[in-house]
Amino acid sequence: MFLINCPYCGERDQSEFSCGGEAHIVRPKQPTELSDDQWAEYLFMRKNIKGVQFERWNHAHGCRKWFNMVRDTSNDKIHAVYKMGEKPPLE
Amino acid sequence: MKNKYSIFSLIKNAFSQHENWKQAWGDPEPKREYEAIIIGGGGHGLATAYYLAKKHDMRNIAVLEKGWIGGGNTGRNTTIIRSNYLWDASAGLYDHALKIWESLSQELNYNIMFSQRGVMNLAHNLQDVRDLKRRTHANRLNGIDAVWLNTDQVKEFCPIINTSPDIRYPVLGGTLQRRAGTARHDAVAWGYARGANEMGVDIIQNCEVKGIKRNGDQVEGVETSKGFIKTNKIGVVAAGHSSVIANMAGLKLPLESKPLQALVSEPVKPIIDTVVMSNAVHAYVSQSDKGELVIGAGTDAYVSYTQRGSHDVVEGTLKAILELYPIFSRMKMLRQWGGIVDICPDASPIISKTNIKGLYFNCGWGTGGFKATPGSGDLFAHTIANDEPHKLNAAFNLNRFVSGDLVDEHGAAAVAH
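Protein chains in written order, with our numbering: chain A, -12 to 78; chain B, 90 to 506.
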């Protein structure tokens, strides 16, 4: 449990948000060309990092907007919050 | 057995004030090389080592544990054991475990306090009723005991449940598996550790794995906090940290690690003599032999390795508990804890070879691994020893995420994920 600084609304309780998982997984441009292995990689395989992870969040009980977040999963400390489409900050 | 526990050994040791009991397992330094290494000294890892030694005669093996054995999720769960899963593959897997549970205390010569007090799953809406009835039929076709109870029968079986039609999520019925129940989680780890150690397995605690050495696509050993150990077979049973080990070997797994919470109350006199689970409102409760209510809550909805869990998750569970059991309204909670569980997209485990030779994974048990401990160890040992899965865990391979042949136990597993 932690506080999240929504880029649109400011600091709110984490329970207002829902997590959309790992960020920057690019949707396949040519879905028909994909092999089963590539589909598995896109759909299921995750880095599931213990440490600094890039992830998507949605302010579900607020502005309902999506944004990205850099969070350390070993201590839940948030390093950065940035809007969709913006370049991820380099650690 | 060198050091058999019995009524006679108990009497004998009583005369020496119980000061002369021998250590149940040793504390060796790692050898330079082993036939196989198991990473993770929880219930599943220790069971794997036990069956490798017992059934496959692999005795020059070691279990590496970064903390102390049974100090992870094995000691942080709600100890529920059942096998009422929907799909054939899951039914086979979990009932295999349940059958081993039934004689495990005798086999290990260690009282694991297995208690077949029954597990009841409640239905709170029409869809629950349909799903649970379907599941009882599926269970019975697979030879697993299951009965459907109507609301009055639920009340009769567990009188403290509020079955009033006026509550927010009224009880419309439930299923009951009478062979299901609970066991003492620490004793399971200790019993397997003692049994494995007796057959020559080295149990090495406070030994963290830092890296996995590969030569091409064959494993060669592990880097640990106690130095390099050579081996060409590694079984990873690291629960929430499976992805961390996989990343060391350059592998990605279809897992997300999340904190799952549970809590216990102050101890009270016996009030609930079964296990009651409720999928729709996500609350389950049983009572330990010490008298504490053991309450299971849900997972946080984001990846975290913090072993804490959020307050709102516990709050949601306790709201549901209070509505179903108004008698608990003044109970005080004693302890709360979070364990990191590795959740698969289909809520089924992975007991599988990988595309790296000699590297095996037993993971993805998510929120319900404890019940499978003996079966999981037995089947994983078979997979490691023969380099081939047993027919009972063949469906639980890693390749199912490529082929699409998933074992979807999300709703059907009787707990909301």
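Hints are not guaranteed to be accurate.
As the list claims (entries may be wrong) - Here are the simulated lysine-lysine pairs, DSBU-like style, with alpha carbons at most 30 angstroms apart:
hint, chain 1, residue 1, chain 2, residue 2
1, B, LYS299, A, LYS70
2, A, LYS37, B, LYS421
3, B, LYS315, B, LYS299
4, B, LYS341, A, LYS70
5, A, LYS64, B, LYS408
6, A, LYS74, A, LYS64
7, B, LYS120, B, LYS299
8, B, LYS408, A, LYS34
9, A, LYS64, B, LYS299
None of these hints come from the bench; they were simulated from the model.
Hints, verified against the model:
no.	hint	verdict
1	B:LYS299 to A:LYS70	violated, 35 angstroms
2	A:LYS37 to B:LYS421	violated, 34 angstroms
3	B:LYS315 to B:LYS299	holds, 10 angstroms
4	B:LYS341 to A:LYS70	holds, 27 angstroms
5	A:LYS64 to B:LYS408	holds, 29 angstroms
6	A:LYS74 to A:LYS64	holds, 20 angstroms
7	B:LYS120 to B:LYS299	holds, 17 angstroms
8	B:LYS408 to A:LYS34	violated, 35 angstroms
9	A:LYS64 to B:LYS299	holds, 24 angstroms
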